[in-house]
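Engineer: Respectively, the protein sequence lines represent chains A, B and C. For what it's worth, our numbering labels the leading residue of the first sequence as 1, then goes sequentially. For what it's worth, our numbering labels the leading residue of the second sequence as 1, then goes sequentially. For what it's worth, our numbering labels the leading residue of the third sequence as 1, then goes sequentially.
One or more of the hints may lead you astray.
[Said to hold, decoys possible] Quick look at which bits of chain A chain B covers, simulated, 3 or more residues with Cβ under 8 Å:
id: 1; segment: 160 to 168
id: 2; segment: 186 to 197
id: 3; segment: 200 to 214
[Claimed, not checked] The list that follows gives simulated cross-link-like pairs (lysine to any residue, SDA-like), each with its CA atoms no further than 25 Å apart:
id: 4; chain 1: C; residue 1: LYS91; chain 2: A; residue 2: GLN113
id: 5; chain 1: A; residue 1: LYS215; chain 2: B; residue 2: PRO154
id: 6; chain 1: A; residue 1: LYS135; chain 2: B; residue 2: ASN68
id: 7; chain 1: B; residue 1: LYS107; chain 2: C; residue 2: LEU220
id: 8; chain 1: A; residue 1: LYS219; chain 2: B; residue 2: HIS209
id: 9; chain 1: A; residue 1: LYS195; chain 2: B; residue 2: THR230
id: 10; chain 1: B; residue 1: LYS188; chain 2: C; residue 2: LYS144
id: 11; chain 1: B; residue 1: LYS163; chain 2: C; residue 2: ASP138
id: 12; chain 1: C; residue 1: LYS144; chain 2: B; residue 2: MET157
id: 13; chain 1: B; residue 1: LYS134; chain 2: C; residue 2: ASN150
id: 14; chain 1: B; residue 1: LYS163; chain 2: B; residue 2: PRO35
id: 15; chain 1: C; residue 1: LYS144; chain 2: B; residue 2: MET110
id: 16; chain 1: B; residue 1: LYS82; chain 2: A; residue 2: LYS195
id: 17; chain 1: C; residue 1: LYS91; chain 2: B; residue 2: PRO154
id: 18; chain 1: C; residue 1: LYS68; chain 2: B; residue 2: MET110
id: 19; chain 1: C; residue 1: LYS353; chain 2: C; residue 2: SER314
id: 20; chain 1: C; residue 1: LYS100; chain 2: B; residue 2: GLY101
id: 21; chain 1: B; residue 1: LYS134; chain 2: C; residue 2: ILE190
id: 22; chain 1: B; residue 1: LYS107; chain 2: A; residue 2: GLU172
id: 23; chain 1: A; residue 1: LYS215; chain 2: B; residue 2: SER100
id: 24; chain 1: A; residue 1: LYS215; chain 2: B; residue 2: MET157
id: 25; chain 1: B; residue 1: LYS188; chain 2: C; residue 2: ASP168
id: 26; chain 1: A; residue 1: LYS219; chain 2: B; residue 2: ASP76
id: 27; chain 1: C; residue 1: LYS91; chain 2: B; residue 2: MET157
id: 28; chain 1: C; residue 1: LYS231; chain 2: C; residue 2: ILE326
id: 29; chain 1: A; residue 1: LYS215; chain 2: B; residue 2: ASN232
id: 30; chain 1: B; residue 1: LYS188; chain 2: C; residue 2: ASN79
id: 31; chain 1: B; residue 1: LYS27; chain 2: C; residue 2: VAL28
Hints are computed from structural coordinates only; laboratory data are not their basis. Glycine is no exception: its CB is placed at the ideal position from the N, C-alpha and C atoms.
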Amino acid sequence: MIPKIESGIPGFDELTSSNDGTGGIPENTATLIYGPSKTGKSIFTNQFTYKGLTNDEPCLYITTDSGYNQFKTNMDEFNWPIEKYLDYNTLYLIDTISDVSEGKPSQSESFIQSYINNPTDIMVKVGSGVNYIYKNNHRFRSVLDSATTLLAYNENMLIIRVLKAYLMRIYEAGGTPIIAYTQESADSIVETMLKSMVDNIIRVDGENLYIEAMKGIGKRSSPYQITDNGITL
Amino acid sequence: MINIQSGIPGFDQLTVSELAEGGIPEKSTTLIYGPPKTGKSIFCNQFIYSGLSNQEPCLYVTTDKGINQVQRDMMDFQWLIKNYIQNQTIYFIDGISHLSGGKFETKNNMVSSSVSNPADLMVKVGIGTRNVYKTSNHFRSILDSLNTLFAFNPDQMVIRILKAYLRRITEAGGTGLIAYTEGITDPKTEMELKSLFNNTIRLDGQYIHIKSDYTDFNEVQTFESDYTITDNGIVVNQNNFKNIN
Amino acid sequence: MKKTHIPKLDDFLGGGIPEGSSILFSAVPGVECETFGYQILNGIIEDGNRGFIFTNVTEPDNIIYEFKSYGWDLEKYLNEEKAFFVDGSSKFIGVPTIGKYSINELNQTEEIILKAIEDIPNGVGIINNLSTLIDYLDEDHVIKIINKLNKKAKANNTILIYIFTKWDYNPELIENIKNNVDAVVSLNSIEERVIIGQGFMVTNASWNHPDNKMVLFFVLQPGGIKIYIPKLLVTGPYNAGKSSFVKSISNESISVDRIALEKFPTTIAMDIGHVDHDGFIADIFGTPGQERFDLMLDILAREAVGAFIMVDSSAPQTFGRAKEMINKTQAEAIPKIIVANKQDLPGALSPEKIRDAMKLDDTIPIVPTIVIEDNGVDLAMETLLKQLYGD
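Chain A with its partners taken away, still in its complex shape (with noise of 0.2 Å):
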């Protein structure tokens, strides 16, 4: 039997169901969720981590598209707030976007500064992310949205293998990661790699969500929407 954590996606757990009739993300195995922009990725991984942290799984959050200030608003735009466990440091946020001059907490404990065209920095700050939320507990979310992004800003091939070690890092400390990317935003040889690098594979395409890849299940599908409570199936 294979442990599964729920996606709070209304729906998903139930589509993902296995033999043994549990449904869900499969816990400490890698998720890529990709998909033209504007499809709702970022809604998916949003979704996913604020499930997470009010079943009191912490997560670990590295953001490269929006900024603290962003972020915020688009958790708020679904009711989902988020002060209170950064508050309580169960949300880890790398924000790797925030200009200097935006209004945005000041670094804390669970919120830190990175940059998106310094890999490195962010593998550092994941590091030490890892061992501060591996202290507390060893059940955990990981969510980067997203990789096209990192992708943008630095070489490609480089980005492949600090992916590779973050996943590494991830596994290693029995946490689940997701991954957000927009399809068709690097060639096709790193679109392939990604996907090779994770264990399961979400497609949106803004009319149908794919399971293209999932442990212990088969290929499924099922027409979702958008609401204000998010993304349902």
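Use these hints to put chains B and C onto chain A, whose structure you have.
Structural biologist: Frame of chain A; chains B and C shown alone:
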């Protein structure tokens, strides 16, 4: 021509020919490739497990996942290898765990290397083959997969490592299975890659396509069927056999 | 001249490496190679010089860890600024760089190593690994880099050690690389379907005429590179003290590959030991002295590299049997010495008396010992090593 059991239900029946009973040609090299997530690693693990169950030793070079993850992945299919690790029927070379930061505890049959240090990797392969060869002059060897090697080395270097590796295990009498994800190098490298192997197996998610080059008989055999990934691993379906010659 | 601190290598090189020279360690894939660079660096720094390690294959942390496994303290040298890294690896995998210099872009490699050379006049630089540069840069470019580095090193009296793995390169390229360094040490594998041994030999050196002699080696952790003598035989008449000799000469806890052992039936009692002596390690086999085991002596002698013939100096009546055993090993023409044991017993004959009694010529040394007191045992080992490898 001797073939060894693949351990994959349906595979050995599919690959029967006038030259050999079905299975994987002993002491040959096979590239298993295809798009991501089509069951290549599962195939490798199933192949290994079948050998281990018959007391055939195994040299396992893992570069995509750490030893712990490999063990866990196998456990998903109830392939328990703990005993084989303990009694040293399996020899692991872990080329990736060092990336996760912690120092890796080296034991007799579990050694650490690095995907970015080809010379060291080959030293470990040399020691590994000697260890496995000592217990049996036929063994199975897995390299899963070339992907990470390609991410950490220039393409030509990976080809060089691969040649050295294939030579090493072939000389020791090993049967090698090497995994690779289609599309992570340019078509020219991919062609060169395939040319280094006696056999290729392509998995595309639906069909398994097998090509065996029996050089001694000057004959190429190809087989095709559909397959599914079940809770017990890969099953090659019995109803859609094709021996294309 | 600087010593390499690798056993036998200094002899092969006529004393060591002249300042400002470049030396290529060229290894067959699968043969341990990096340790040569590390051991030389460690030795040369210990002798009071400075050095650096350029790495493009593993992060500096791993190298520090590896040094530790050999029992060498690189961290101390780093802190004392006797050693530093040129880190060409960390940036490549996105981890923080360590070291005085780091390489962010491949095309800086030459320039930065040049700087590093300039920092250590009379020191030593280790380039690990030359092969990894070749497929990143093009072949001609790499040759040009080697030339520039060597030129700089010569001007600065710095020794450069290149670690190179002989993958399936174009033979011309390999030839070309060899022609661009002052000396080449080949690291070869001894194969019998698998690698059963590793050997090194100096194939050329501009300052010396190498004698193309290959020695087997092993890499021990701790310990580093040791010359490996696959089998030394201890034989002699019954009760000459063979078991005690094997026990006395052996060190515990030396793990050497045991493949050789498996060729012999284990039902026959045999004394087996491992010697670690002055850069040499050897597996040592004591044979039973009784005549009914002579067949075994034949088998063992066939594969032995050298032999100790033990005699009880106080028992001349056994010398005939000893002579017989010498003749058995004589057929195999293996270097041997006589160990004249039990010199403390009344009536023990001196080595010269034994030579007369056994009618031996001067080619076979006789070493007096009292094995149970560990007296003369090391001398016996040194004497046999001299027979094997010269002074």
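Engineer: Please list, smallest to largest, the hint numbers that this structure does not respect.
Structural biologist: Violated hints (numbers, rising): 5, 10, 13, 15, 16, 24, 30; every other hint is consistent with the structure.
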